[in-house]
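Engineer: For reference, the chains in residue letters:
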Amino acid sequence: MAQTVFAPWENADEKPLIQFKNVTKRFGDFVAIDNLTQDIYAREFFALLGPSGCGKTTMMRMLAGFETPTEGQILIAGQDMAGVPPNKRAVNMMFQSYALFPHLTVADNIAFGLKREGKAGAELDARVEEMLRLTRLTKFAKRKPHQISGGQRQRVALARALAKAPKLLLLDEPLGALDKKLRQDTQFELMDIQEKTGTTFVIVTHDQEEAMTVASRVAVMDEGQIIQVATPADIYERPNSVYVADFIGDVNILHGHASRNADGYDIAYGEGKPALHAKTTTNLGESGKCALAIRPEKISITAQKPAKVTNAIKGKIIDIAYLGNLSTYHVEIEGGQMIKAQTANTTRLERRSFTWEDTVWLSWTDTAAIVLEG
Amino acid sequence: MRRFTLIAVPYLWLLVLFLVPFAIVFKISLSDTALAIPPYAPTLDLSSGWAGLRSFFAELDLENFWFLTTDDLYWKAYLSSLQIAALSTVFTLLVGYPIAYAMAQAEDAWRPTLMMLVILPFWTSFLIRVYSWIGILSNEGFLNQFLIWSGLISEPLIILNTNTAVYIGIVYTYLPFMILPIYAALEKLDSSLLEAAEDLGCSRLTAFWLVTIPLSKQGIIAGCFLVFIPALGEFVIPSLLGGSQTLMIGKVLFEEFFSNRDWPVASAVAVILLLILIIPIVLFQRNEQKQREAEGQ
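Protein chains in written order, with our numbering: chain A, 1 to 374; chain B, 1001 to 1297.
Source of the hints: derived by calculation from the structure; they are not laboratory data.
Each residue gets a CB set at the ideal place from its N, CA and C atoms; glycine is no exception.
Hints are supplied without guarantee of correctness; some may be wrong.
Said to hold, decoys possible - DSBU-like, lysine-lysine: derived pairs with alpha carbons at most 30 Å apart:
1. Lys1188(B) with Lys115(A)
2. Lys139(A) with Lys1217(B)
3. Lys119(A) with Lys1217(B)
Unchecked claim - To be clear about the criterion: a stretch of chain A counts as covered by chain B if any three or more of its residues have a C-beta under 8 Å from a C-beta of chain B, and this derived list gives those stretches:
4. 82-88
5. 102-112
6. 307-313
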């Protein structure tokens, strides 16, 4: 059965739910958001990813109505949001600190927004009950926030934000306070709830793994600008810049000079070394300066130089990081640069083929590396 | 042993500074007046042994407490004190809460200065500060001069020696006791809670009512008790600023002691006052404990 891929951003007829139009936000001299234009579509799980201070939280707070753009327009469902206060927007936010009301029970926290809408009696109870069930909190309805665990608090915050059935749910570092195991479980739970409710989610995070796991599209931000917006797979496999390649996952960057050759480029990365070849459709500028980005797991390590491979570099193993399922080898190549190569530990540790100080060959295929402007 | 020593310190403190003085006052309240020094009888004479002790206890009675019920001056004074203390607590809250709120909203750099300004009046003697209010409130005082000069009134307002002056005095004097606990509660308030309330559909005002007020409740309660308890037995303010019609139990107590030299009746008045005060003090303690439990998480 053919499955339709969810990709409204590729459909020109689709109307975006959120539109940022040339939005700039300044705090005094500091430019938090710099002339940013971006569309976000209904039912998307859109992740804003970036280091702290890149403006991702400011973007979210502008959507919620806590900040107003200095210039430009923000539209939600076609409506200009300028001058619309937070309490008049069909947008709810899940705060980083959860911001649960400590004087109210779990059920009352969830009911808080509904009561402001004027819901009462059986209708209110039914909705609260539904949200409690959705987030598996029924048992804790009568507890106060300080009487439940961090993971439960996180779910209360989610239930409270979802109770009003907003068009758009904003999540500010929602899983930051949870430990790793719980975070992973909760990520899947979030995706599940997002699918069930059909709400548009915009999530702010500095955790690239989290963004990759949950999001339909990831926007990588830096210094108030969006550097690249793409699906998690595209962000990882086809980054558009050294910044994105470096920010998402581990990457080796080889700087060099590229010259056109057949279906790609030949890259000279060092004096007297054989050129590397990479297949690509990208067109570099005139200068030919380029950066070659190769993911560690796409590099294979062999004792002998493999035959019929164009890209092979000799090096010495300096360090081995054993991660359980994987091992990362830090290999120093001629010229002193360190290259990371990763292999799956398919055999027992005692039978590992390489050890410290071994001379090895690193190789990769023509399509493994990405040619970037650099 | 160490634990015992640690616990003993506060209990010893309580014994020496509260229970022993209270026992002495209670004993005097059970005695009779006498033209002697000290002006009551009996006094404890241990030299005559058991017999002396027995006759000493035989002479103690509840006569003075009975006397308090025969003259309506006393219960009127108690009621009037309760009323003045309760009303001035409400006024202090109404004045103090906005100040505490403004302090909590102020920029971090300003907070120590504002805190200092609230505490600053304590650097001057309480008596001098209350006296200076006479200069402000009297018929020829600064306030009346200013109001006449500005043309708002043509005749001076009579404020001094009325209950109004007493309320002004109490609110002024006890304001820091209201501000500080409320400020402490408001300062801890996480501003994202207010944002969350707005996000969920509250206006600024309803967010204040539904979030800020309930979360500063403990501070409000603490502040109210800290004002109400001392205001109930207040003597200096009503005697300096109040008039002849201002009836407060502190004044009655002073007159019994020093004008009438009737120590036993004065002591009985004091014992009853203490019993009245124990109720709010116990409630106050319970509030503190509840707060500690809530914060204990």
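Engineer: Taking the hints in turn, state whether each one holds.
Structural biologist: Hint check results:
no.	hint	verdict
1	Lys1188(B) with Lys115(A)	holds, 26 Å
2	Lys139(A) with Lys1217(B)	holds, 28 Å
3	Lys119(A) with Lys1217(B)	holds, 27 Å
4	82-88	holds (count 3)
5	102-112	holds (count 3)
6	307-313	violated (count 0)
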